[in-house]
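Peer 1: Using the hints, position chain B against chain A.
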Amino acid sequence: MRVYLAVYALGLHRYSTYRVATIAGIFTNAVFGAINAAVMLALFSVRPEINGYDAGDAVTQVFVGQALIGMVAIMGPPLELGERVRSGAVATDMLRPVSMMGWWLADDMGRATFNLVFRGVPTFAVGLVLFDLVVPSEPGRWAIALVSFVLAALVSFALRYLYELAGFWLMDSTGIWAVAGLLGPVAAGMLIPLPLFPPAVADVLRVLPWASIAQIPAEVFLGKESLPGGSPLGGLALQAAWAAALLALGARVTSHATRKVVVQGG
Amino acid sequence: MTTSEPNTGGEGPVIEAVGLGRDFVLSEGPFLRRRRRTVSAVADVTFTVRPGEIVGYLGPNGAGKSSTMKMLTGILTPSAGYLRVNGLEPSRERTRLASRIGVVFGQRTTLWWDLPLKDSLELVRHMYRVPAADHARRLAELTELLELGPFLATPVRQLSLGQRMRGDLTAALLHGPGLLVLDEPTIGLDVVSKSTIREFLLRLNAEEGTTILLTTHDLGDVERLCRRVVVIDKGRLAYDGDLEGLRASVPTPRVLVVDLAAPAPPIEVEGGSCVRVDGPRQWLELSGNPAAVISRVAGRHEVVDLTLREPDIEGVVSALYRGAVAERG
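Protein chains in written order, with UniProt numbering: chain A, 1 to 266; chain B, 1 to 329.
Derived by calculation from the structure, the hints in this document are not laboratory data. Bear in mind the structure is a predicted one, so any value in this text is a computation, not a measurement. Honestly, I wouldn't trust all of these hints.
Unchecked claim - Pairwise CB distance ranges, derived in the manner of DEER restraints:
no.: 1; chain 1: B; residue 1: Arg35; chain 2: A; residue 2: Ser255; range: 27 to 35 Å
no.: 2; chain 1: A; residue 1: Met75; chain 2: B; residue 2: Phe24; range: 54 to 62 Å
no.: 3; chain 1: B; residue 1: Ala153; chain 2: A; residue 2: Glu225; range: 53 to 61 Å
no.: 4; chain 1: B; residue 1: Arg224; chain 2: A; residue 2: Gly88; range: 43 to 51 Å
no.: 5; chain 1: A; residue 1: Met1; chain 2: B; residue 2: Glu244; range: 23 to 31 Å
no.: 6; chain 1: B; residue 1: Glu144; chain 2: A; residue 2: Val135; range: 21 to 29 Å
no.: 7; chain 1: B; residue 1: Glu285; chain 2: A; residue 2: Ser255; range: 51 to 59 Å
no.: 8; chain 1: A; residue 1: Leu208; chain 2: B; residue 2: Lys118; range: 43 to 51 Å
no.: 9; chain 1: B; residue 1: Arg35; chain 2: A; residue 2: Ser16; range: 19 to 27 Å
no.: 10; chain 1: B; residue 1: Asp114; chain 2: A; residue 2: Phe32; range: 53 to 61 Å
no.: 11; chain 1: B; residue 1: Lys118; chain 2: A; residue 2: Ser16; range: 16 to 24 Å
no.: 12; chain 1: B; residue 1: Arg92; chain 2: A; residue 2: Glu49; range: 54 to 62 Å
no.: 13; chain 1: B; residue 1: Asp114; chain 2: A; residue 2: Val46; range: 49 to 57 Å
no.: 14; chain 1: A; residue 1: Trp169; chain 2: B; residue 2: Glu28; range: 14 to 22 Å
The beta carbon of each residue, even a glycine, is placed where N, CA and C say it ideally should be.
Same shape as in the complex, but just chain A:
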């Protein structure tokens, strides 16, 4: 267990050295959030309510999404695992007496923690200053929202880990990333809140794992009754189920990948 804590601390520390990238990230997320929020306000000035969402809900979700982008990294950057599979350096990782998935999970959670605190919080603060956001009134709901964000990071890790494991068979995971990096954020409700999609489409997207990365956390944050079971806890349960299922799949695919597939390079 100590090794994973050490790797977590390492991931946290490593990202803390990328100061310029962090500031650039906050700037980009805040500007994109402001533009997206302005579009939402224009839209909702025509129709005050769309599928249970009003202007405040939509603008808040935009900024929750922008604040989560760094933490969940669903638009990238990829885990370094993909590059290590491509170059064959993964061979040295396999020589270590540690779980490969555990290692990358610990590293990514370190990265996610840093990004939530130092990129997500400032981005959301910009939103609070510029717009009229809906925020939870009681501390308990903040705590539930935080759990939801952590589950979002776990689901996102499990998906990205699977994208990269595909490299063991395809020799290169950049193609997967090209598709998933584009469709993933859309399916997550990160660019446009899912309630703005036609209900039939939204209903399908809501139960797919990507929704657990942004749409569900946003609804938990807003305390929406559209969540499974009509409460934030139902949202957490859906996220936890996806995290557990995808991590289990990741562990299975890992043992298959390392057993069956050739490590590249001499």
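Peer 2: Relative to the frame of chain A, chain B by itself:
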């Protein structure tokens, strides 16, 4: 120096390979007419390594050395044969095996690029669950032997290749493994760095009884380190025995290098045949008594300098490779 536990699995062999083989399936040809072809990288390789041995695993590029190393360490599953390392089946028990062996791939590093060497080694300590006191003692020993002191605090990406290799060796040895597997440990190193590493390995073997299996293209490594060599060519075992036996198995003549006062046509002399001419310098392969040949040459030509070259292991191995190729026709 101290080891945390004897990892040799008693008196049995450290490595036991019987009929070991690995096939690869290649897809070839244009998209719609792609054909599958099976290539065997390693075929029917049998050898045993006993505790305390230093064995050189030699062969030309593409011979199957790295494939064998990957099978021994469990990152490649054999397609045929029986393989046990420290009594474990590597591909099935990779993680258990990993904590009992040390591995260095000369062309790759196991260290973390952006961490100081010291922090990388601390991470290795957690990975192998080495108690802090044992770690400190062992690190102090290795720091002294490999002269790590000046660059322990330097990020790995800033280390020279020689420093990085010493760091990698340290990382592979901190948990006191009974078997060290080295894939080209001196590749790209200068003479001094090579010598440091060779002396260190000899000492490790002598003082701790660490079994060492190494692949190398550097025949200096072989002559300095290996009492026994296993030669593999085209995936098959070509020789297994001591270095002297390898020399004897392939007759390679001694060569007399003659520097004449002026360029001359190839020297014709009994007991020697000219194999190469480069200006005033000529190379004679000797079949007779060197002293007699030298006096004959000196009697007929004006000689400036003479050198007698003993057959080195490089010549022996390349002759063995050529022989193996010729045999196969």
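Peer 1: Next, verify each hint and record whether it holds.
Peer 2: Hints and how they fare:
Checked against the given bound of 27 to 35 Å, the beta carbons of B/Arg35 and A/Ser255, roughly 31 Å apart, stay inside it. A hinted range of 54 to 62 Å for the beta carbons of A/Met75 and B/Phe24 is inconsistent with their spacing of about 36 Å. In this structure the hint that B/Ala153 and A/Glu225 lie 53 to 61 Å apart at CB holds, the actual value being about 57 Å. Separation of B/Arg224 from A/Gly88 is about 29 Å and departs from the stated range, judged on CB atoms against 43 to 51 Å.
Range check, A/Met1 to B/Glu244: about 52 Å between beta-carbon atoms, so the 23 to 31 Å window is missed. In this structure, B/Glu144 and A/Val135 break the distance hint of 21 to 29 Å, their C-beta atoms being roughly 59 Å apart. For B/Glu285 and A/Ser255, the hinted distance range of 51 to 59 Å is satisfied, since their beta carbons lie about 57 Å from each other. As the Cβ distance of A/Leu208 to B/Lys118 is approximately 45 Å, the hint placing it in 43 to 51 Å holds.
For the pair B/Arg35 and A/Ser16, the supplied restraint of 19 to 27 Å is violated, since their beta-carbon distance comes to about 52 Å. Roughly 29 Å separates the CB atoms of B/Asp114 and A/Phe32, a value that falls outside the hinted 53 to 61 Å. A hinted range of 16 to 24 Å holds for the C-beta pair B/Lys118 and A/Ser16, which are about 19 Å apart. At roughly 60 Å, the beta-carbon separation of B/Arg92 and A/Glu49 lies within the given 54 to 62 Å, and the hint holds.
In this structure the supplied range 49 to 57 Å holds for B/Asp114 paired with A/Val46, their Cβ-Cβ distance being about 51 Å. A hinted range of 14 to 22 Å holds for the C-beta pair A/Trp169 and B/Glu28, which are about 18 Å apart.
When each numbered hint is compared with the structure, violations occur for hints 2, 4, 5, 6, 9 and 10.
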